[in-house]
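So the sequence shown is numbered by the working numbering: it starts at 1 and just counts up by one.
Calculated from the structure, these hints are not laboratory results.
Owing to the predicted nature of the structure, the values given are computational and were not obtained by experimental measurement.
Using N, Cα and C, we set each Cβ at its ideal position, and we do this for glycine too.
A hint or two may mislead.
[Claimed, not checked] Simulated restraints on C-beta separations:
#, residue 1, residue 2, range
1, Glu162, Arg239, 24 to 32 Å
2, Ala250, Arg27, 18 to 26 Å
3, Glu67, Thr108, 20 to 28 Å
4, Leu15, Glu74, 22 to 30 Å
5, His35, Thr197, 42 to 50 Å
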Amino acid sequence: MLTFAQAVTERTRRLNTRLCVGLDPRRDTYHDAAHLKAHTLDVLEACAPYAACIKPQFAFYEALGLEGMAIMEEVCAAARTLGLPVLLDAKRGDIGSTAGAYARAWLTGRHAGAALTVNPFLGFETLTPFVDTAQDNGGAVFVLVKTSNPGQADLQGSGVSERVAVEVARLNAEEPDGEYASVGAVVGATHAADLATFRALMPRALLLLPGLGAQGAAAADLQGAFHEGGTGALASASRGVQYADGLSVAASVGAARGFRDELNGVLA
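Go ahead and model the full structure; you've got the sequences and the hints to work with.
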């Protein structure tokens, strides 16, 4: 069975796509939870041919309570049926046994993703339960290194992001040789000038690049994040796909295809 990193990279090469489709269903956009679920699943199925993976944002499902958790489980199951790797965006991070519980909750079982975003800012030792659980299950973690929001500079500046990147590289160096290891990194697509630096600091890490589309990043800015051949990074678009034109699924498909083609054009 392929690991998350292997599955994403294989899909990138086979379908010629580096797009991560974010699924962030907003409750106030729909009549009710059933409408939300139906539209989200329709977007997922229609956009699957253009996606290297999907990224449900946990918060939008959690906001619906238990019903939202059930919807997220259905979204993950549908993605797996379509052959799409699932990266759950929950930004978990904690200490000791609590970190272990979060890791079991969101990296194992039907409701979980094969990969999970994690927050390292409680200390590097807090990453261990997540990394161990991901490795045991063929999954991956994506460590927040330099996030896409402008306020990230409050805590991630002054070399802090670079320190986190060095730790990501160290963790990956401990794994057996292979193209990409189980510890990826979140580096905002909004930091175009820094992408080549972080690519060099973390040679075996898959980079998740949030911010394409609605946050203002453009495909033309992202070349530095990729290795030769166009592997090693996933450019994420959420609102710009799911709500490309209201609730039009056709517009979502057009947006996903457009992002894919723009990325391919940059990397050709």
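Going down the list of hints, with the structure as the test:
1. Evaluation of the 24 to 32 Å hint for Glu162 and Arg239 yields a pass: the beta carbon distance comes to about 30 Å.
2. The hinted range of 18 to 26 Å is satisfied by Ala250 and Arg27, whose Cβ atoms lie roughly 23 Å apart.
3. For the pair Glu67 and Thr108, the beta carbons lie near 22 Å from each other, so the given range of 20 to 28 Å is met.
4. Taken as a hint, the range 22 to 30 Å holds for the pair Leu15 and Glu74, whose Cβ atoms sit roughly 24 Å apart.
5. A C-beta distance of roughly 44 Å is found between His35 and Thr197, which places it inside the suggested range of 42 to 50 Å.
Violation of the numbered hints given earlier is absent; every hint is satisfied by the structure.
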